[in-house]
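J.: As they're listed, the protein sequences go chains A and B. Everything in the first sequence is counted per my numbering, starting at 7 for the first residue and increasing by one. Everything in the second sequence is counted per my numbering, starting at 7 for the first residue and increasing by one.
Incorrect hints may have been included.
Repeated chains share a single entry, so a pair holds when one copy, or any two copies, can fit it.
Unchecked claim - In silico SDA-like pairs for lysine to any residue, Cα to Cα no more than 20 Å straight-line:
1. Lys281 to Pro97
2. Lys284 to Thr255
3. Lys284 to Met170
4. Lys284 to Ala317
5. Lys318 to His60
6. Lys281 to Asp252
Since the hints were derived computationally from the structure, they do not count as laboratory data.
Number of protein chains: 2
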Amino acid sequence: MSETVAIVGAGLIGRAWAIAFARAGWSVRLWDADAAVPARTLATIEPLLADMAHHGLLDGQDVPAVMARIAPATDLGEALAGVAWVQENAPERVEVKRELWARMDPLAPREAILASSTSAIVPSRFTEHLEGRERCVVTHPLNPPYLIPAVEVVPAPWTSKASMDRAAGVMRAIGQSPIMMTRELDGFVMNRMQGALLEEAFRLVADGLCTAEEIDIGLREGLALRWSFMGPFETIDLNAPGGVRDYVTRYQGIYETLFPSMQRRVDWAGPVLEKVEKERRGRVAEDALAERQNWRDRRLMALAGHKRRAAKDIGD
Amino acid sequence: MSETVAIVGAGLIGRAWAIAFARAGWSVRLWDADAAVPARTLATIEPLLADMAHHGLLDGQDVPAVMARIAPATDLGEALAGVAWVQENAPERVEVKRELWARMDPLAPREAILASSTSAIVPSRFTEHLEGRERCVVTHPLNPPYLIPAVEVVPAPWTSKASMDRAAGVMRAIGQSPIMMTRELDGFVMNRMQGALLEEAFRLVADGLCTAEEIDIGLREGLALRWSFMGPFETIDLNAPGGVRDYVTRYQGIYETLFPSMQRRVDWAGPVLEKVEKERRGRVAEDALAERQNWRDRRLMALAGHKRRAAKDIGD
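This is chain A alone, in the form it adopts within the complex (with noise of 0.2 Å):
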């Protein structure tokens, strides 16, 4: 039998939640605070879902069986009776979560997986006084999560590992990577990767060593190839011929030099922002961003397919 999720905020992230939900086979029901939000948000989802399958990203599926299990409710009760799972989008403020997750928890069956897709606040600052807490979690895509499969799963200091196995096992069974935390930590462990990575590249170029397009280059036609399929602890691994006790034996010595000087931290709104946004609008003007972020989502949804032949053909 389909389990069912409620999604709880319509927008951008609960539309990518709703097709991942739905291409696994769940039934969606859609929930927004603004009650206009679920139906504009369904006609989108149709055109996305062709998109995909032109990748081979449905599973073998066509559109309208995914369509078909997604529909929009009104009344939030009505959205979170019964359901396996609940994923809240909302606004990342933590008083509209408080205020949202106190209602939330009472509607949904004791054994209901409550999550937020928040990428800023831990759980427990949302959490604490509720009921249910202990089957409380945050699991932050980065987005679309149908088309990335990272997901990391973060507990408050309350949750049971009951429900964290729980939250795994669905999250693997709906196609996504788990990241399973140990306890929360601000900046979960990807938004940490990308900052202490931002930070260097900041750095770089306020100090005029390089532009910021050869830091993509840096990445785009450098280091993040390798790390695309492999990661960053992989991709040390196989960079020695003893692997990587013999990588941190040969080279560590080289990082340990260059710490003391990523220690000073520039203001990313300071001056270098200037030369960040002239070279950026310079390669893409304002107006033409969101036709730039529809490349970007074609690109990646190109990519995803790239990858699941790959693994087929070559391994993973």
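For this one, chain A is given, so just place chain B on it according to the hints.
T.: This is chain B only, laid out in the frame that chain A set:
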């Protein structure tokens, strides 16, 4: 008329440069301090070229045409006579490079560029006393450059602007994407970016927040997907409706909060290495590392093929 390059040091990196130059129509001379190496290396190039042809990476040329451009050289003076470029790939020891460059400088035509593949030694340390030091640079690739276009071009304080321009032109002509550093700096650009990210990765694993495999998931199923065709600056530029300035206004606060917790360095060779190594060897046994490196190279080749097609079909 075709130009000639001398590859000085014909191991793995020298071989990769030989392929990159030969594919672009250059005549390639392979020289090594060990006279047996060039012929041995040459024998391993043909099957690689066949794989590249299969993935559409030889620009429509056939394997024999590219192979015919590569020849071993036994004498360094002979190897360097009349060349336009010298690519040095000697061991990463300053004294080795100093001695070798002192030999190379008088043997190469005065207008030839002398380039080192070093990843760890700034060019001032082995070019200072050379007659022709104004034409000396580092061109540091990620290996192999025939699949990974990014190359850091690093000047010594005395490298002329004309030499840097010429180096950029040659790199572009053979299909690389140069990162033109304005001055030398330890770690150059790419290892600094990699180091910043690895420091955070080792810290998260050392602190027990997630596993090394989950860090890899966060990149290979997450952050690195977008980075692999956009880089980090374009990624954030497209991640807020108003572009990079909007992104910085909205999100810098989050990253600023994380920064203080990134000031502590964990010893990569300490207890965290036991954890990482145990995980990695559980996934790939030490005696299977070479086979896994072959898998990596095949995946990288397939990815390079995908990127060429996607750039054509969807745009770059």
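J.: Hint by hint, note whether the structure agrees.
T.: Hint-by-hint comparison with the structure:
For a Cα distance limit of 20 Å, the shortest separation of Lys281 from Pro97 qualifies neither inside one copy, at 31 Å, nor across copies, at 38 Å. Within a single copy, Lys284 and Thr255 get their C-alpha atoms only as close as 42 Å, which misses the 20 Å cut-off; across copies the closest is 16 Å, which meets it. In the homo-oligomer, the alpha carbons of Lys284 and Met170 never lie at most 20 Å apart, since the shortest distance is 45 Å inside one protomer and 24 Å across protomers. In this assembly of identical chains, Lys284 and Ala317 lie within 20 Å of each other by CA distance neither inside one copy nor across copies; the values are 39 Å within and 24 Å between.
For the homomeric pair Lys318 and His60, the shortest alpha-carbon distances inside one copy (18 Å) and between copies (17 Å) are both at most 20 Å. In this assembly of identical chains, the alpha carbons of Lys281 and Asp252 lie at most 20 Å apart only when taken from different copies (15 Å versus 40 Å within one copy).
Comparing the model with each earlier hint shows violations of hints 1, 3, 4; every other hint is respected.
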